[in-house]
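**Q** Listed below, chain by chain, are the residues.
There are 4 protein chains.
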Amino acid sequence: MIIRLKPDVTPEVIKTLAEKYRAIWVDGKQNLLVLPSKIKSADAALQQVAEKVIVTDSDIQLASREFMPGRREIQLGDLRFGGDSRNTLMIAGPCSVESEEQIEQAAQLCVSLGIRVLRAGCFKPRTSPYTFQGLGIEGLRLLAQMREKYGLRIITEVRDSTHVREVIEYTDIIQIGAKAMYDHGILRQCGKADKPVLLKRGFGTTLQEFVQAAEFILSGGNSQVILCERGIRTFETKTRFTLDLCGVEWLRQYTNLPVALDPSHAMGYRYGVPGLARACVAMGVDALLIETHPNPDAALSDAEQQLSFEEFQSLLPALKRVAESVGYRLV
Amino acid sequence: MIIRLKPDVTPEVIKTLAEKYRAIWVDGKQNLLVLPSKIKSADAALQQVAEKVIVTDSDIQLASREFMPGRREIQLGDLRFGGDSRNTLMIAGPCSVESEEQIEQAAQLCVSLGIRVLRAGCFKPRTSPYTFQGLGIEGLRLLAQMREKYGLRIITEVRDSTHVREVIEYTDIIQIGAKAMYDHGILRQCGKADKPVLLKRGFGTTLQEFVQAAEFILSGGNSQVILCERGIRTFETKTRFTLDLCGVEWLRQYTNLPVALDPSHAMGYRYGVPGLARACVAMGVDALLIETHPNPDAALSDAEQQLSFEEFQSLLPALKRVAESVGYRLV
Amino acid sequence: MIIRLKPDVTPEVIKTLAEKYRAIWVDGKQNLLVLPSKIKSADAALQQVAEKVIVTDSDIQLASREFMPGRREIQLGDLRFGGDSRNTLMIAGPCSVESEEQIEQAAQLCVSLGIRVLRAGCFKPRTSPYTFQGLGIEGLRLLAQMREKYGLRIITEVRDSTHVREVIEYTDIIQIGAKAMYDHGILRQCGKADKPVLLKRGFGTTLQEFVQAAEFILSGGNSQVILCERGIRTFETKTRFTLDLCGVEWLRQYTNLPVALDPSHAMGYRYGVPGLARACVAMGVDALLIETHPNPDAALSDAEQQLSFEEFQSLLPALKRVAESVGYRLV
Amino acid sequence: MIIRLKPDVTPEVIKTLAEKYRAIWVDGKQNLLVLPSKIKSADAALQQVAEKVIVTDSDIQLASREFMPGRREIQLGDLRFGGDSRNTLMIAGPCSVESEEQIEQAAQLCVSLGIRVLRAGCFKPRTSPYTFQGLGIEGLRLLAQMREKYGLRIITEVRDSTHVREVIEYTDIIQIGAKAMYDHGILRQCGKADKPVLLKRGFGTTLQEFVQAAEFILSGGNSQVILCERGIRTFETKTRFTLDLCGVEWLRQYTNLPVALDPSHAMGYRYGVPGLARACVAMGVDALLIETHPNPDAALSDAEQQLSFEEFQSLLPALKRVAESVGYRLV
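Residue numbers (our numbering), protein chains in the order written: chain A, 1 to 331; chain B, 1 to 331; chain C, 1 to 331; chain D, 1 to 331.
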């Protein structure tokens, strides 16, 4: 249950109520008190402080349609997506920052194609310790250079709580990876950040749990969360994961959060990325991440799924046409 | 391994070889001898009868790209799809034939929208014995009436081997349902039929097994098989199944069979069908099945996923625009 | 809802009610009327014919604990298992009947170890048409010979409806395989048979659907159904399937049907079969199927998972000790 | 590939080689150089420093049977398990530390039953922010009190990198939970700890990835890792998870790490825990975790799956008998 608090209720009163009901106070402009969803009605004490009471089905609360009927809009400088914008944000770049030369080539590709957001990982959540683990802080610095030099926005991933502050400092959109999405240390820090957060669904994560992870960020005070579907793990292993577009429809029906899609990780093989990317755009998705690398076969991570620049360049016009056919625009 | 036989080899010789290698002879115009795929080279006896030898990776043989590099085309009267046609065949209708009035309304809807193929089930593979099991033969007769009266093509499902002959006799495209796709009794009968077969993927079936089921039909002599993805079962239960579009990309990369998609069964809820249908069309799929019913809430089966006629009518133009944007045409 | 009918209600009255409520009449000694489970109370017409009314949660009805609080016992000549017998029936033999010599060796092994039920398949539901498909009727005849010669009971599998009558005629326990468990043609025939049916869970089948499949047999009049868990398909592919022992606990808590386990198919590799078999027995299971072959490496199907006779012989005493430790006896 | 280094090779030489091959140096007594597994042979430079060269199939290296043929033994004071000990370590206690009274009752239960290791969580990785999150440091202090007062060993969970140091300091066995098992921040800290680590398998984690996560700890220098299977997520939702005992057999066949089992989390409902616990013990497992709470219905987390003290007490003798029947002893 969400209580929209009257503006004149004092912090002391709110804190007392929060403690009593094990509730979370979202302070500042929002000024909400979020109680466990199993509490289904406001007693007198709550009624007294409430401007409005919103009862929710489950612990999908701030992300629910009951709380906010439309879809949240994300503003990133002059870029807008989500909400009623009918914009699909294109995000492109290699899996990992590997060198200055490589990331600069990717940045130049983005600029030449009118893409405004560059993605690349610095802290790689690899499953084996015996593979490339990312450039770390050095990678963050290279991304910041690209931002300054080319006017691009940056999105990069936080892997665990030990470097969440650095990532928040350097990036424009904070990406929480599929393996880190239950990490309370990260989620709570992102709740205090004032930058958009792209939260990837864990490959073994239900839709309910996925949105509940977003609630950690939302209830921390950060209202800019983008949900990213990137494939779930199923019995089928001919492809790396299974892109759950049925789940995307559920997220759009039952939550107020914008949705991004990552067909590259889902497929795991570049031959399938163009077809899937067209499918994603035809759904009218809020953002799309495509991995592209100047020389995919030599990539230090995810070599098989990254498009070459040529492949990416020839895909883009097709995506634009599909976007237009459903009344959207790639930005 | 597939041997394309020289035209002058006698049936006796072929039968002897077939027995020796546990191989299957696909006679008639095709005149092929298909050996287990673990046999990787042709010995002298095989070389002598071979016009051509095709070695395949796995028991995906007649369906493989090694055997036939393009995609098979299906001809259904004047309707063409698959191959290089860039046509997407629209198939619409209710889950089940429930009455003459209901199926006639669906037939009239198809006619009014230019849809040429009417679908509806007569033998329903329900999971409970205490629910509507379909009209059986009576349903087949009603479908045949619709064909005659409205010039529509019919697709309907065979549930088990006890009525496979009747379905083959009455229908234009034989549908093998997700729960029946391992049924050798059905597969072998369809192998001898001269009608296209739409084979649905079992919800627990790997892509490899799915195509191997098609091999039963292909090796029986029927070269017109359409693979239909209709959602697989995963840990996610907010939606009925998970539409595996990554798998579709794999099927198109590694097999020569046309691919159909059924977003209605995958989603299980009508709110998600339009978005998924657009996604399917944007991939450039060969056929699309959408469930629509004159009064979905009163439907005797799958009530939640069938579109009303109004919903279907408003979806169709959007699908046409998406198809055009990728260079396809809805037929 | 299940109505236990008063003995004096006439067939005409019952048939009229059955039609009115889309209910199934289980006639004979049981004399039950089974209505769809969504009907939650008996109206006057039903009350009039009812000796007892049992309301069930879902379409698990005749298999439910509401209908029958304990576990059903199966009687097979002088062999008893299920119920309160605290017997675990051992079933052993090769995957397929391959030759008279091979099946005779297996029969002799059973006799020498005091095992009373011999298993082997004749109609193999292979996923590829290019592999060994079983000996068919000839295999059934060989199994019948073993029964006569060695006094063994026989269990063998029906693959599809085309040969269900032959299997029912020849076997002592009818096995319905994992891929055939939704086959209405088979389920309905087995409902009319007066032999125990071992129903295997499909590898993509939920527990709810699994028990509902048993309802087809039970509502057909055959009250002797054994549920067999044999592994479900999950994302893990290092083993062939995943034996769902959590599901076994659910089946024992919520149904009245005896439960058999097949660790051989679940594991897929012989190294894991002994450990899993011990685990199954420790649960106090009603029956256990183990695949064993005189020469596993030369087996025509499932070569990797069958134990050699030596391995099986050395496993058996361990299973007996585990059974005793939980108050059960291997029979 | 693992190089067992000659004792006289200098750190400088080793570091140079490590950099050249992106290898990890496990220093100290072990003195190993672990190279990416795709390197399959040692060149001259490597040969020169190698006492022994071990080639491994995949990035399961230090955990592999190629590296160490038997199973590692864990020594915890006078407690021994794993290796050839044929001991099964019993670990019991509530899901969470909730209060001094509650944890003291659990400690007393352990003492009275001869159980030596007490488990309880302080940092709970809850999926919703609106539920009990654990007592944190205060909980660690209460656990430490129990150790002092009752001579028990403690196992408790680290949730994210922000408190890994505190957990390592307070606990005897460090538990890494299912949702934290990819967390490099935690894994690397545990690699430097000199306490045993119980690593739980993520519910969406393959066996390969699971063991690779252990490699992070092993290659950090900590050789005491216990793998804990606690249920994977499958399509079946009648039970909370699916305990993967087939996977356990694989782990025991292909790795050298001891294996623990947690049937409570897998099942999610207390009615199934006793049967599953017997199954686990019958496999001859190295450790077993059972959740038990003085008043399960009032538990602040996982209320449905915790056994009451009475249920736990009556289960224990059964487990002892099963252990004996397979030649093991509960410790």
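Derived by calculation from the structure, the hints in this document are not laboratory data.
For clarity, every value in this text was computed on a predicted model and none was experimentally measured.
Careful: at least some of the hints might be erroneous.
When chains are identical, the list treats them as one kind, so a pair holds in a single copy or across two.
Claimed, not checked - Under the rule of at most 27 angstroms between Cα atoms (straight-line distance), these lysine-lysine pairs were calculated in the DSSO-like manner:
1. K238 / K38
2. K29 / K320
3. K238 / K6
4. K238 / K40
5. K192 / K29
6. K6 / K149
**Q** Would you mind marking each hint as holding or not holding in the structure?
**A** Taking the hints in turn, this is what the structure says about them:
no. : hint       : result
1   : K238 / K38 : between (42 angstroms within a copy, 20 angstroms between copies)
2   : K29 / K320 : neither (38 angstroms within a copy, 45 angstroms between copies)
3   : K238 / K6  : neither (55 angstroms within a copy, 36 angstroms between copies)
4   : K238 / K40 : between (46 angstroms within a copy, 23 angstroms between copies)
5   : K192 / K29 : within (14 angstroms within a copy, 45 angstroms between copies)
6   : K6 / K149  : neither (46 angstroms within a copy, 50 angstroms between copies)
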